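*Asks:* Here is how the chains run, residue by residue.
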Amino acid sequence: MAEIPAITIEKLTKEYRLGLRGFVVRAVDDLSLSVPTNSVFGLLGPNGSGKSTTIKAILGLIRPTRGSLQIFGSSSSSIVSRQRVGYLPERPDFYQFLTGRELIHFYGKLSGLADVRLEERTNEVLHQVNLVDAADRSLSTYSKGMLQRIGLAQAIVHDPDLVILDEPTAGVDPLGAEAMADIILALKAAGKTVLLCSHHLSQVEQLCDSVAILYKGRCLVQGPLEELLERNAAGSIRIPHWSPEVEQQALEALKAAGIPVEGVRMDRGSLEALFLEHARKGGRDR
Amino acid sequence: MTPMKPVFRFGLVFLVLLLTGALSRAWVRPAWKEVLDGQPVLNQESLGAAAGQGILLGLFGGFRSLLADMAWIQTSYFWLDKDWPKTETALRATTQLDPRPLYFWVQGARILAYDVSNWRIRELETSGQLQSEGQVDRIRAEQAYAGIDLLEQAMNYHKDNPRLFIEIAQIYHNILKQPLMAADYFGKAASSPQGPYFAGRLHAELLRRGGRPDLAYAFYTSWYPRLDPEDPFAMRPLVLSRIRNLEQELGIPAGNRFREP
Amino acid sequence: MRVIFSITQITFLEVVRQRFFNFLLLLALVFSGSSLFFQQFNFGSSELKFIYDLGSGTVLFFGTLLGVLLTAQLIFTEIENKTALTILARPVHRLQFLLGKFLGIWLLMWVFVLVVTSLLGVILFFRESALLHLTPDLFPDGRHTRYGDLLIFGLIQGVRLGVISAMTLFFTALSRSTMYAMVISFMGVMICQLQYIAQEATLAGRSWFYSAFLQIIQLVFPNFSLFNTSDLLVFPSGDALSMTSSWMIMGYGVLYIGVLLGLAAMIFQQREV
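Chains as they are written, first to last, in the numbering used here: chain A, 1 to 286; chain B, 1001 to 1261; chain C, 2001 to 2273.
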């Protein structure tokens, strides 16, 4: 029997009526997609493409104009479907007067965790997001990265099967983003499904099994990431110790073999790689 | 759940509130009557210039007493300045804002009858316009009747309150020098519920001084049996001695004299 | 229940930290305490009524401000900060969310009423003791102040503030901005307070349309004039408010709290967050 997808969206359309004349804005237009279980699914698109609207519709926070949404086979509008879902919105502003531990406790209670289990899970997720040392400090003392991590902790405290993350690395430095990526991979390894919404494309490429690209409410392309990238794949040959003479020789050889060459590019390495190399080194040396 | 159209939603809200209001109104009627009885009708016309929008809203916002208190503070400030036109306006506004406290009426009447007449007379003296005793008497009479008028208005809200009768009686006695009118009001005070004993004695005494010892005797002899012998404030022995004095004054034969019950 | 209690707890902790609440509470206490200023006017025993009038007016005025402003601001802050999203994305009914928010705010209202009424009681007690000593002839029957009535006054005002908060919650569920919610709520409170005029005007016997309109206003909006019991308590000029009526008034308030919360939940259920 085929496994029920974590999320099933069929022909989702969401319209908003604005102003007195009822001017219609279509935030999502006839979107259909399926998120398989135990995978990381990337929902991509420029600002205003309908990503957040889609997420809110999945969570039952807004009502679709047309179409249906299901979470593990249950209608997304039912309260029951949310038992298995954890959610981290974009740039949330949690209750600053609470400590990290208190925040997790609060959300754990809302998810129905009993006291003993709640205590266990709180300690587990604090370890998981690496905030044990800061757990008893108020959130007002947390950095952006720590706030995102505590946000993730509240999303997973009740051990949901589906975790929805909307821009989890927004405003976070590359080290923090890397830490977040590790947690996401750990969730996948634990059998969870993650729906990731991010502008951080290199990270999406690193983490996601499948993606859907939205634009002005419509899905332009969706599918397994590897397949999608292979369609545009172009091979590259890395030549160490580059010089203009070596480049000339390589081009002549490829031309002689009848292989077309689109262009030649110097690969200087990425700033991100440089940053991570030095930041990690700095962390080891301290 | 299919979302309700806004018009149906509005209709349902309206209906539920209407029903709640209709059902609860009947149920809470006794309590509302009690609250309403404790709120005298506001005479908006007599508030005059004092009643701006803010005051009206404040009144019905439940701040009636507080506003009246503030108006009384204002009255006190004008009183300290001896500004009699403003004092009079402010104290009339006070009693109209909240006619329930007897204090405002009694103090207000005293201000009008005693203080304002002194200020007006002093004003005329200072400005050199005071030319005769007649002017003084006229001013005192005007203010005395102003005080009495205020106290009579108070009776609309404090029916048969002996304090009001006593205040009027004192004005007739102290300022207007009309002992028989004063006696009349002391008599009303004595015969009202909770009327003090001294009012009865003053009633009789003023009748005597006003040239009507016969009426004083008639009052005392009908009143004496009703005095509580256990109550020291009733002063039965004093009343009895006054009966005896009046019998001598009136020359009543021994056989017709008052016999103690 | 655990969910509602958790939300109540968080809401209470959040509002009690609001500078606005602390400022208004301080202002209310200062205002009530300033009643001692009346000593200079030598009002005799009536000074006690003045103190009480100022204290009760403080509870009415500042309590109304708090009820409307805090309630409207709190809900929109939750939506703007996205904490509402994180709560409603869980298996939490919208009614549970609203109830938890309301109970947190109402608890704060009770704290406010308790603090100000207690201060009022203390001031009255000490001032009356001083006056008893200075002018005993003005107190032939002993103390004038009915201290037990302060408790009834506090209870009735606590319920009234609950109705105000519930009404604000209802308007907030309909509104798209904090300012709009506040303005509409204040207007609603004023209409409820002016029921007295509506009743008088209906009796004045104008056109049937006008009378019908006023009748509908009287039925749709709760009658806040019913809660104006401060003059019938502590220093009543006539008979004091009976216990039966006090319970009736509180029951009336609780009924409207339930109805308004239910309507707010119905509207909020359909609202997109």
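To be clear, the hints were calculated from the coordinates, so they are not data collected in a lab. Computed from a predicted model, the values in this text were never measured in an experiment. Beta carbons are placed, not taken as given, at the ideal position from N, Cα and C, and that holds for glycine. Keep in mind that the hints are not guaranteed to be accurate.
To be verified - According to the in silico footprint, chain A covers these stretches of chain C (three or more CB under 8 Å from chain A):
(1) 2001 to 2014
(2) 2082 to 2088
(3) 2221 to 2233
To be verified - To give an idea of the chain A side of the interface with chain C (calculated C-beta under 8 Å), a few residues:
(4) R17
(5) L20
(6) A170
*Asks:* Each hint: holds or not?
*Replies:* Evaluation of the provided hints:
1. 2001 to 2014: holds (count 7)
2. 2082 to 2088: Holds: 6 residues of the region 2082 to 2088 of chain C have a Cβ under 8 Å from chain A.
3. 2221 to 2233: violated (count 0)
4. R17: With a minimum Cβ separation of about 12 Å from chain C (threshold 8 Å), the hint on R17 (chain A) is violated.
5. L20: violated (14 Å)
6. A170: Where the cut-off is 8 Å and the nearest Cβ of chain C is about 12 Å from A170 (chain A), the hint is violated.
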